[in-house]
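Visitor: Between the sequences and the hints, there should be enough to build the whole structure, so can you do that?
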Amino acid sequence: MIIVMLTLTVNLNNALYVRTNHANTKAHVQIVADMLYNDLTQAGYRATRPVFTILCSNDIEFKGDIDNNGLADTIRYYTVPNGSSYKLYRKVNGGTVLEVGKNFSSITFQYYKLKGKITSNPDSVKAVRANIVMSVEGATEGFTTATKDIKIYPSNL
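Just so we're aligned, residue 57 is where the sequence shown starts under the working numbering, counting upward by one.
Be aware that a few hints might be false.
As a list, the in silico EDC-like pairs of lysine to aspartate or glutamate whose alpha-carbon atoms are at most 16 angstroms apart [claimed, not checked]:
id	residue 1	residue 2
1	Lys-143	Glu-155
2	Lys-147	Asp-123
3	Lys-143	Asp-115
4	Lys-169	Glu-155
DEER-style ranges, computed between Cβ atoms [claimed, not checked]:
id	residue 1	residue 2	range
5	Thr-130	Leu-62	55 to 65 angstroms
6	Thr-109	Asn-187	18 to 28 angstroms
7	Thr-201	Asn-67	21 to 31 angstroms
Honestly, the hints are just simulated from the structure, not real lab data. Quick caveat: nothing in here was measured; it's all calculated off a predicted structure. In this text, a Cβ means the ideal position worked out from N, Cα and C, and glycines have one as well.
Guide: What follows is the structure in structure tokens.
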């Protein structure tokens, strides 16, 4: 009976650990998605053309007044490999680089024209899709990743 109780306790503790890690990972991915969404909705606001200066699957740079001070800012998000995962960095106006997060399985950007076709032409971008995937530490089955897929339609493009 004691062995059964100990086994059950260990299994419940492990399940709690994995669920807590999943909730924390999901929250982290949501925060990154919110940051990207808030910045990208301002793309083109008070900015000169071209708005987008870098369009890569793991690197995006654009102009927009993100702090509403009347001047267009240059915002860049890019990933850097970190072993088997990636780190995401954010840079505003060429200033200090901020590490937004690490241990991402992938972060990818896609760019769309007005009618929904994928584009690589900075002048024809009307929407940006960001897909963020992060592995849950300690999870071996069930909820092994947290994913957020957002499509942003900046109104100033």
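Visitor: Hint by hint, note whether the structure agrees.
Guide: Right, here's what the structure says about each hint:
1. Lys-143 x Glu-155: holds, 7 angstroms
2. Lys-147 x Asp-123: holds, 14 angstroms
3. Lys-143 x Asp-115: holds, 12 angstroms
4. Lys-169 x Glu-155: violated, 30 angstroms
5. Thr-130 x Leu-62: 55 to 65 angstroms: Because 58 angstroms falls inside the window, the suggested range holds.
6. Thr-109 x Asn-187: 18 to 28 angstroms: Since the Cβ atoms of Thr-109 and Asn-187 sit about 21 angstroms apart, the hinted range of 18 to 28 angstroms holds.
7. Thr-201 x Asn-67: 21 to 31 angstroms: Hint holds: Cβ distance 22 angstroms, inside 21 to 31 angstroms.
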